[in-house]
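Going line by line, the protein sequences match chains Z and A.
To convert, note that position 304 of the first sequence is 304 in the numbering used here; the numbers rise steadily by one, no gaps.
To convert, note that position 327 of the second sequence is 327 in the numbering used here; the numbers rise steadily by one, no gaps.
Note that these hints are calculated values from the structure, not bench results.
Please read all numbers here as calculations on a predicted model, not as lab measurements.
One thing to keep in mind: the hints can contain errors.
[Claimed, not checked] Dumping the calculated BS3-like pairs for lysine-lysine here, alpha-carbon to alpha-carbon at most 27 Å:
hint, chain 1, residue 1, chain 2, residue 2
1, Z, Lys132, A, Lys237
2, A, Lys199, A, Lys37
3, A, Lys428, Z, Lys132
4, A, Lys37, A, Lys237
5, A, Lys426, Z, Lys132
6, Z, Lys89, A, Lys199
7, A, Lys426, Z, Lys62
8, Z, Lys59, A, Lys199
9, Z, Lys29, A, Lys199
10, Z, Lys83, A, Lys428
11, A, Lys157, Z, Lys62
12, A, Lys369, Z, Lys124
13, Z, Lys209, Z, Lys29
14, A, Lys245, A, Lys31
15, A, Lys416, Z, Lys62
16, A, Lys199, A, Lys31
17, A, Lys164, A, Lys199
[Claimed, not checked] Covered stretches of chain Z, as calculated for chain A (at least 3 residues, CB under 8 Å):
hint, stretch
18, 15-28
19, 277-284
20, 376-384
[As the list claims (entries may be wrong)] Beyond 12 Å from chain A on every Cβ pair, some chain Z residues (computed):
hint, residue
21, His99
22, Pro131
23, Pro136
24, Ile152
25, Thr223
26, Ala224
27, Pro350
28, Glu398
29, Glu476
Glycine included, every Cβ here is placed at the ideal spot set by N, Cα and C.
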Amino acid sequence: MADTPTVNLTIEGRPVAVAPGTTILEAAKSAGVLIPHYCYHPGLPVAGVCRMCLVEVEKFPKLAPSCATAVAEGQVVHVHSEKAREARKGVLEMLLINHPLDCPICDQSGECELQDYTYQEGRKDSRYREPKRFNPADDFGGDVLYVQNRCILCTRCVRFMDDVAHDAVLNVSERGDRAFIGKFEGKDLTHPWAANVVDLCPVGALLSKDFLNKARAWELDRTASVCTGCSQGCNIIVETRDNTVMRLRPRSNESVNQFFMCDHGRGNYRWLNRRDRLESPSILGANGHSTVDWEVALEGAARVLKGKRVFVLASPNLSNEALYLLARIVRKSGGVGAYRVPQGAVAPLPGVDDLALRADRAANATGAKLLGFTRSESPLELMQPGDALIVADQDLSEAEGAAVARASAIVVVGTAMPANLTRADIILPIANIVEEEGTLTNLRGRVQRFLQAKATPGMARPSWYVLADLLAALGERAEYFAAADAFAALAASEPAFAGLSFEALGLRGLPVVDAAQFAGAAT
Amino acid sequence: MGYPHQPHPRETLVLSKHFGEGDARSLDGWKKRGGYKALETALGMDPVAIQNVVKESGLRGRGGAGFPTGLKWSFMKIGDGKPHYLCCNADESEPGTFKDREIMRWTPHALIEGVAIGAHAIGAENAYIYIRGEFTEPIAVMEAALVEARNAGVVGKNAMGSGKTVNVWVHRGAGAYICGEETALMNSIEGRRGNPRIKPPFPAVAGLFGKPTTINNVETLTAVPHILNHGADWYKKMSRPDNPKSTGTKLWSVCGNIQRPGNYEVEMGFPFGEFLNDVCGGAPQGRTIKAVIPGGCSVPIITREEAERAVMDYEGMMAVGTMLGSAGCIVIDSAQSMPRQIARLARFYAHESCAQCTQCREGTAWTTKILERIVAGDGTAEDLDTLLEIGENMTGKTICVLSDSCATPVSSGLAKFRHEFEALIKTKTVHAVPAVVA
């Protein structure tokens, strides 16, 4: 193997070896030294305008912007020298000239980089004695609100719209301290990926109207997850408070979504908080449904399924683990598993390769396919009269609701009662995606983990847990004590997933064995 | 249209020799005066040979930075297979500087000739003359001259029958001072907001449209034909015998409280005292010169005493703690309030800051507000130290030097005329505006 060329330098006394062309800021990051910055973002072209990341480089005549200065062999960099700290202090003082100290009412409070760095190394007081500038907030359209008073003109938003979204709606208007982020005449920030500017804004200048005044940063719990808005599988962070999902934000993964997520995915969280959940297992009796213990419900479900061909109508948003266990039930009975994928318009993010809001508006269509499920626009056509039907977290159309009457028995495994399903013999309530652990397989065959972000309501249980118990009730060996165990069984029996484990997947995911087959045209 | 003043006998007229001669603007008139001979010679020369002649002459950039022109041209790799560009910086927007305007008004073909030679010397087939948008008359004159030159085959394809292509275009700026900064100028030509770019990459590597580019000032390029016509030695001789680093003649724009404001061309090394008091006639009657900003308003302010012992070249100005810059000389007399003059300069920079860098965007405005408060009789003793500290934060920390340009007159003004600021703060008086001098 050829040697990878490296550049050796010293940052804050630590020896660092990085690839040629790396910036000092990134090199410092790799050495565990955070150089404060505002305008720099690894997903955007370098602007070098905030001047916050100035560092002292030995033999350089002036302080150097670390975001725009490439490393050189033997360089000695001082991030926390007096000269560099004084320069940063000066920048912070100037940024606060017109920035209002309205942290108590600012949505960015608690995760504001201006607040953090000022606390860390800013001046105790301000020498600014003149009246502050005031400008009204501006509705940018879409989900974005612009509060000019707080803007530090880092231009991340402008660069995102220009260079990543390729929709140059935003600009810097005016000059001097009168400058502000403006919109082109007659245009609004309605690009399908526009809300990323809110995440990119290091201060509280660009805010989500949806999240406005809903919660404070320090009240939120954050959990790594995967977006279910489409088959792209963007890595996300689920932010919850009081067992309620408050917002979804992108989590960086250079192999999938870099640093971004689309507005459709971002807004696709309200169903995770729905209140009409199935909370307890129940059985249909002469007097309607009655709540029963899990054992009774599972025995009941096994009883109605045994000896029959089982047809599973599965949601393509179910985890690989749930689909695997359902597939085992299907195989055991000689039945069929099928799924339908909702469709929507494709919305690419032009500046990032292979990133788009996909037409397939489901997170695990690929997993369902790999696990033997049949994709169909009208999946119930595959059901034969007399089949026992399992509806696994899937709504039905009005026509399908009528068609299921052909089923000899109906078992619902779901988070809520499926739309248009009027009858169910057994109801087994499960957790939704933010209430359990598991994995999803995206359109490129990348298997990615999601973690539990909030508690399951009532007696509902994780899907893999319920389905493993159902398999056991049907006489199969399926003793799993964690989602990882269910996945291990899946990986052991399904060749496509061979060699994978929760540990190996980590929080970035790994491709299935033959992922190359998914590298073609996007769906 | 006449020229506002007669040349002084102590001037050395090279670039300004034909100022005021209306027919020098036409192609025929220019050719009658020996025009385009240098271009004809240059087009028959190897580009590197032209670079060497210019290097030998010691010509340095007249836009303010003073970088050796021949050396700058030699950074362009001839024959690298890439398109090269030449940009002539005619965005003369610094208060106090108005020499390029006169070159374009009176001798447009001199500039076209210089641009064409420069383009050939760096292997460029296309050259842009970026003119400040407010220069309506020079733009009209330049465009008319370009039409003549194109129609006569002086520029364009097969320029002067040489087989070489030299296209020259006029690009009109939209009125932003920052577009005179070379990288902002390129952004502006490309149709983008006129913001300076981070260097590296330097324009010689990735400039206009991402291709190797050289940017030269109007005066620099206009000097080139003379150097080719008369030789590098002739140009070099116009210097102090003990200082070969500053050669040739320099146009000085003189304005402010001076008897005879205008453009003057003198050899490098001319005594500044004699220049101010004799050539330009000194301060208005009954007053004395108090301060001089010799190089466009971004250089350190010097006192009359410092000015009178200085000599007029790059090193001579540095010797008294200032810079030659663009040689836009602003004279301030004893009746003026330094705080008021400095506040006015700061306001200009605050207005023109491109708003990219924090220190410049906020610092220029903050500086201006404090200065205006002091001038309005509402200053405090702490303000002066604050001004200096803000200035320190604004210096050497931004992409371009606009921020430094604002801080420099403030800090040098405070260093030399602090007593005026202190008096204003102490008495809390608003300094009266002096009467206009007839």
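Going through the hints against the structure:
{"no.": "1", "hint": "Z:Lys132 x A:Lys237", "in the structure": "violated, 57 Å"}
{"no.": "2", "hint": "A:Lys199 x A:Lys37", "in the structure": "violated, 37 Å"}
{"no.": "3", "hint": "A:Lys428 x Z:Lys132", "in the structure": "holds, 24 Å"}
{"no.": "4", "hint": "A:Lys37 x A:Lys237", "in the structure": "holds, 22 Å"}
{"no.": "5", "hint": "A:Lys426 x Z:Lys132", "in the structure": "holds, 26 Å"}
{"no.": "6", "hint": "Z:Lys89 x A:Lys199", "in the structure": "holds, 24 Å"}
{"no.": "7", "hint": "A:Lys426 x Z:Lys62", "in the structure": "violated, 37 Å"}
{"no.": "8", "hint": "Z:Lys59 x A:Lys199", "in the structure": "holds, 17 Å"}
{"no.": "9", "hint": "Z:Lys29 x A:Lys199", "in the structure": "holds, 23 Å"}
{"no.": "10", "hint": "Z:Lys83 x A:Lys428", "in the structure": "violated, 36 Å"}
{"no.": "11", "hint": "A:Lys157 x Z:Lys62", "in the structure": "violated, 45 Å"}
{"no.": "12", "hint": "A:Lys369 x Z:Lys124", "in the structure": "holds, 22 Å"}
{"no.": "13", "hint": "Z:Lys209 x Z:Lys29", "in the structure": "violated, 33 Å"}
{"no.": "14", "hint": "A:Lys245 x A:Lys31", "in the structure": "violated, 32 Å"}
{"no.": "15", "hint": "A:Lys416 x Z:Lys62", "in the structure": "holds, 26 Å"}
{"no.": "16", "hint": "A:Lys199 x A:Lys31", "in the structure": "violated, 41 Å"}
{"no.": "17", "hint": "A:Lys164 x A:Lys199", "in the structure": "violated, 32 Å"}
{"no.": "18", "hint": "15-28", "in the structure": "violated (count 0)"}
{"no.": "19", "hint": "277-284", "in the structure": "violated (count 0)"}
{"no.": "20", "hint": "376-384", "in the structure": "violated (count 0)"}
{"no.": "21", "hint": "His99", "in the structure": "violated, 10 Å"}
{"no.": "22", "hint": "Pro131", "in the structure": "violated, 9 Å"}
{"no.": "23", "hint": "Pro136", "in the structure": "holds, 19 Å"}
{"no.": "24", "hint": "Ile152", "in the structure": "violated, 7 Å"}
{"no.": "25", "hint": "Thr223", "in the structure": "holds, 35 Å"}
{"no.": "26", "hint": "Ala224", "in the structure": "holds, 34 Å"}
{"no.": "27", "hint": "Pro350", "in the structure": "holds, 19 Å"}
{"no.": "28", "hint": "Glu398", "in the structure": "holds, 55 Å"}
{"no.": "29", "hint": "Glu476", "in the structure": "holds, 64 Å"}
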